Amino acid sequence: MRIILYPTRGGQKSYPNQDAVIALAKKWKAKLIFLYISNVHFLEKLGPVRHTKVVQNELEDMGEFLLAMACERAKKAGWKAQTIVRHGSFMEIVHNVISEHQIDTLIIGAPGSTHAATTTDFLQSLIQEIQEAHQIEVLVVQDGDIIDP
Amino acid sequence: MIYRPIQNFFAISLFLIGLLPTIWFAIPPPTYARETESGFFITGRLIDSQGQPVVAAEISAHMPDEKEKEAIAKAESQEDGSWVLVLNHVPEKVSVHIQRYHFVNQEIDLNTADLVRLQETSMLRITELSLERKVTAGFWIATAIFIIVLLLIAFEKLHSTTAALLGASAVFLVSALGTAFDPSIYILNFERALTYINWEVIFLVMAMMIVVAVIEETGIFQWTAFQAYRLSRGRSWVLALILMAFTAVASALLDNFTTMLLMTPISLQIGLALGINPLALIIPEVLASNVGGITTLIGTPTNILIGASAGIGFYDFLVNQTVGVLIALAAMSGYVIWHYRKEWEKVSGGISKTLYEKLKEKGRIRDPDALKKSGVVFVFTLIGFVVGERIHVVPAVPAIVGATVLLIWLKPDINRMITAVDWTTLVFFMALFMVVGAVQEVGLIDLAAKSISQVVGENLGLAIFVLVIGVGSLSTVIANIPLAASMLPVVDFLTGSIPGASSKVLYYALSMGTAMGGNGFLIGGEANLVTAGITTQAGSPISFKEFLKIGLPITYITLFIGNLWLMIRFGVF
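Top to bottom, those sequences are chains Y and D.
If you use my numbering, the first sequence corresponds to residues 1 to 149, in order.
If you use my numbering, the second sequence corresponds to residues 150 to 722, in order.
Treat the hints as calculated values from the structure; they're not laboratory data.
Just to be clear, a hint being listed does not mean it is correct.
Label pairs and their computed distance ranges (CB to CB) [what the hints assert, rightly or not]:
1) D:Y484 x Y:E100: 47 to 53 Å
2) Y:K27 x D:F693: 37 to 43 Å
3) Y:E129 x D:K694: 33 to 39 Å
In silico DSSO-like links for lysine-lysine, alpha-carbon gap of 27 Å or less [unchecked claim]:
4) D:K502 x Y:K26
5) D:K223 x Y:K75
6) Y:K53 x D:K507
According to the in silico footprint, chain D covers these stretches of chain Y (three or more CB under 8 Å from chain D) [to be verified]:
7) 27-33
8) 64-76
9) 130-143
None of these values were measured; they are calculated from a predicted model.
We put the CB at the ideal spot given by N, CA and C, even for glycine.
Pulled out of the complex, with its shape left as it was, chain Y reads as follows (with noise of 0.2 Å):
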């Protein structure tokens, strides 16, 4: 059975890509993982230096949530779905989750109207590094719509 990965923040605005990306696992009958990276970077030159395990702990509920939304849609639309909540840097935990769980399709939300988790640049760069470290497919998803990059 093949096995998609789809990293998501599982806002509002990305609900189109999950709802596109469940759509193809159903056709593909596929197993799908949705993942969610938190980091606390942004408390860097922000926050005081206590509260970090703190919200660390904090987005990992939240991230939680947001995947078992992400699951209720692939329930209504007559599909399962696996979670998997991580923090940490997001090209680390992408290949380790791709090695760990032998994923043969990975799908990354693109920047633009959607908020996806990655940028122009770093969406190039992510996908020529994965496919060289993993021989996988990447898609990309980008207002609902999957394309092959």
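Chain Y is already provided as a structure; the job is to place chain D on it using the hints.
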């Protein structure tokens, strides 16, 4: 049977109480020159052009005919500007020299009548002397350092603590090394800089950090947010108003940064589950948290700063600010309802059972025992603030006692509690006090005070307006802590020079201006930024423009209400 931690607590308390008299008697009483030394005393007092005491001026007595020789007596002006020269004998001619960095030197020749009086009574009091400021190279360097620190903080080029430390280091380096080339470069030395640190602020902030660290882990914030959701029965506007009210109260009792840090994730989840834009719940919360904190001494770091400097206590803030803040919050609620009316109509319907259960799980009290105990201690700490004011105990004392009782009673991991104290913030305060001290030392603050004084004259209403609306406008872009720290000496001056200002109304005006101004722009306050950081992590970023559209009108609505309230409260018309 008494619970063991309580036994320990009482044992330690008794030990400390027993120790106090021992220390009291062991320490020798202070000695005063005039009581213990014999000789002839010349006394005086130094003030600056604003009537503030001039501290650390060097005063020396010379025999005019032998100027090149050493002084026959030396002294330094004290905290109140007073000084005492002790002469072994009364020469035929005496001149008193007064030297102080950043002031014009003065020389007073004592006349024959003065010397006769000194000889006969052993005491001569010189009339109060006003020293004139001089603009030195150090003035410009200190001003440049101060502005650079503010810019580094405003544009987030450096962590605020690093920026403040950089400023303090630059001041010391310039003073230590630059003086070798040109004495006029001198700003202030380390010993003098230490006197500008307000230790009451440092200890109060530190103690409250420990108290908040215990409370924040009990789950009370998340529980309240979930209860707000249940009470609102899916009506977004009701939910938003309850959340606003809670964040305002929580910010007044704890701090707005922590409040928003804990309220944002759960509010975001509730908003998404309801199918509305979660920012329609979260932005009103952050706006309310910035204003709510104004009502108490511990609600905002600026209030702690203002309270400690001006001797304004918990009860004073509560009595003089609460009604104004409540009116401002009511007006804010009205504007928020109007602004988000369309967004709130988008509620998708009921939340699924799975999501409801997840919210319920998240919204439970995690540690009821800790909540009960910390609640009891917190209430007693608040009582301590109020009672302390009556018996001249500074707020830092009940806060430290409260934090200590929590540590003894709850026995949290002490290492974790030590890390809960945010040392970077405390260092930021210390370094900032030094940098502000530097510009105070060279006379920049005096200059600003004089300029504002020229604008407002003796018009108290105008001074309130300048501090609420003017400082409020500045606070939309300048970090409010450095702003409040810089404005405090100015307010000290205005309070001393404007008739009717002795009611401390101008300090309340500064409190309102610095806090309410934080709502203007997204970058106006740390609570705004942490909220934006968290919502970005959930794919719902707050844009600068989106915040501005609601934040700026609300800033000026609340500032004008705050201004009006202070004028009514203090009878200024």
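Problem - Coverage claim, chain D over the region 64-76 of chain Y, checked by counting residues with Cβ within 8 Å (three needed) - result: It holds: at least three residues are needed, and the region 64-76 of chain Y offers 6 whose Cβ sits within less than 8 Å of chain D.
47 to 53 Å as the expected CB spacing between Y:E100 and D:Y484, which holds or is violated
Hint holds: Cβ distance 50 Å, inside 47 to 53 Å.
If you look at each residue in the region 27-33 of chain Y, do at least three have a Cβ nearer than 8 Å to any Cβ of chain D? Violated, because only 0 residues of the region 27-33 of chain Y bring their Cβ atoms closer than 8 Å to Cβ atoms of chain D.
Query raised in the report: When you check the alpha-carbon spacing of Y:K53 and D:K507, does it fall within 27 Å?
Result: Holds, at roughly 21 Å.
Has the given pair, D:K502 with Y:K26, been kept, meaning a C-alpha gap of at most 27 Å? Judged against 27 Å, a Cα distance of about 24 Å means the pair holds.
At the C-beta level, are Y:E129 and D:K694 separated by a distance inside 33 to 39 Å?
34 Å, holds
Hint check: D:K223 vs Y:K75, CA-CA at most 27 Å. Holds or violated? Violated. D:K223 to Y:K75 sits at ~87 Å, over the 27 Å cutoff.
**Prompt:** Do at least three Cβ atoms from the region 130-143 of chain Y come closer than 8 Å to Cβ atoms of chain D?
**Reply:** The restraint on the region 130-143 of chain Y is violated, since only 0 of its residues have a Cβ under 8 Å from chain D and three are required.
Holds or violated: the 37 to 43 Å window for the beta-carbon distance between Y:K27 and D:F693? At 40 Å between Cβs, range holds.
The structure fails to meet hints 5, 7, 9 from the earlier list, while all remaining hints are met.
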